[in-house]
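**Q** Sequence order for the protein chains is A and B. For the first sequence, position 107 (counting from the first letter as 1) is numbered 107 according to the working numbering, and the numbering increases by one without interruption. For the second sequence, position 87 (counting from the first letter as 1) is numbered 1087 according to the working numbering, and the numbering increases by one without interruption.
Because the hints were derived from the structure by calculation, they are not lab data. It is possible that some hints are incorrect.
[Said to hold, decoys possible] No more than 20 Å apart at the CA atoms, straight line, and that leaves these computed lysine to any residue pairs for SDA-like:
{"#": "1", "chain 1": "B", "residue 1": "K1019", "chain 2": "B", "residue 2": "K1067"}
{"#": "2", "chain 1": "B", "residue 1": "K1036", "chain 2": "A", "residue 2": "L108"}
{"#": "3", "chain 1": "A", "residue 1": "K42", "chain 2": "B", "residue 2": "M1046"}
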Amino acid sequence: GESVGLHLPTLSVQEGDNSIINCAYSNSASDYFIWYKQESGKGPQFIIDIRSNMDKRQGQRVTVLLNKTVKHLSLQIAATQPGDSAVYFCAENSGGSNYKLTFGKGTLLTVNP
Amino acid sequence: DTAVSQTPKYLVTQMGNDKSIKCEQNLGHDTMYWYKQDSKKFLKIMFSYNNKELIINETVPNRFSPKSPDKAHLNLHINSLELGDSAVYFCASSPGLAGVITDTQYFGPGTRLTVL
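Bound-form chain B, shown alone (with noise of 0.2 Å):
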């Protein structure tokens, strides 16, 4: 039922650590995202696929790599976690239709990282 489902929803691990975070949709949407939300509660895109495609990337450290298996997914990766990487991280999709300007994204439930 759910629409846009990620996994897990909370992931506590050490600094220098390597983690996964998955996200899928099942609306039929062809373009994903990343968004990374601070203890202050702002929003930051960080990364957006179209079609498997990255079509943005907003200065996000190496660190992290999306990937993005087929349209339904966009997994993100994190290397050699930081503290700082601590947040609440949010994946969304949206239809993606080129030249439609509505182009409303849906969110998923969120996954709490925390880095000790």
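Okay, chain A solo, but in the shape it has when bound (with noise of 0.2 Å):
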């Protein structure tokens, strides 16, 4: 399948349960960050932002988490559903005015029926 080969850490849940994906960012004064989805064969999609002089934030069944001591961000969505199931990814815009965002590696998440 796809993931053959990827070595993208992963997640394997089942339908209904709730869903904690995580991400260590790498630069301090990262003042922006973003959740991406990517579903196979389209692009990144985006699903929550979150500034840093906050430590959570909610939208649509996704709930987003920064821990800015540690440098962790963290994604939750509850009751994930099988349409879930895609490569997420924290961006981190480390501020300046060069709109430069870094991509963190991605998570697999796989919502078994």
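Both chains are given apart, each in its own frame, so use the hints to dock them into the complex.
**A** Rendered as structure tokens:
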């Protein structure tokens, strides 16, 4: 399948369970963070974002938590559905005017029916 | 309807050829980007243009030359294609407003380039 050889961190959950995807970011000066979802054969799709002056932000079925002390970001998906199966990326903006996003490695989420 | 579009979706070509990938956005954004995604899904920025001006060039070989005829278009031309250029290339755009931290990028569907 597509995942062979990818060496991505993977998370496998049952439909209806909650999922938590973790990300360690690298730059303590980063002031803006985004989670993207990438389905097979498609481009990354914006899910939720958070600024560095916040530690939690909620969307529809998703919550992002930011811990600046340990440079850790997490994405929580409530009541995970088969349509949530995708690769999830965190991205950080280290600030300044160069509009540069640095992407994390990605986590493959598989939802089992 | 499509916000960020790329053509072609698939591109198969021989080593040594020259090829172009086109990108257009209808979001009215000022900034556009090209990313390369390798076989391990690692996504890395290559170039960024703001209002037709180059602002990011991430140590990409000279064989890659972006061209922005206007702020809604950013095309990527690749000369003398090599096997290692095989990847999925994504175009993205963002509002690019100066001083705005929350400059969210929106991605196109990708172009899968295969060099034989």
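**Q** If a hint holds in the structure, say so; if it does not, say that too.
**A** Each hint tested on the structure:
no. : hint              : verdict
1   : B/K1019 - B/K1067 : holds (13 Å)
2   : B/K1036 - A/L108  : holds (19 Å)
3   : A/K42 - B/M1046   : holds (19 Å)
When each numbered hint is compared with the structure, no violation occurs for any of them.
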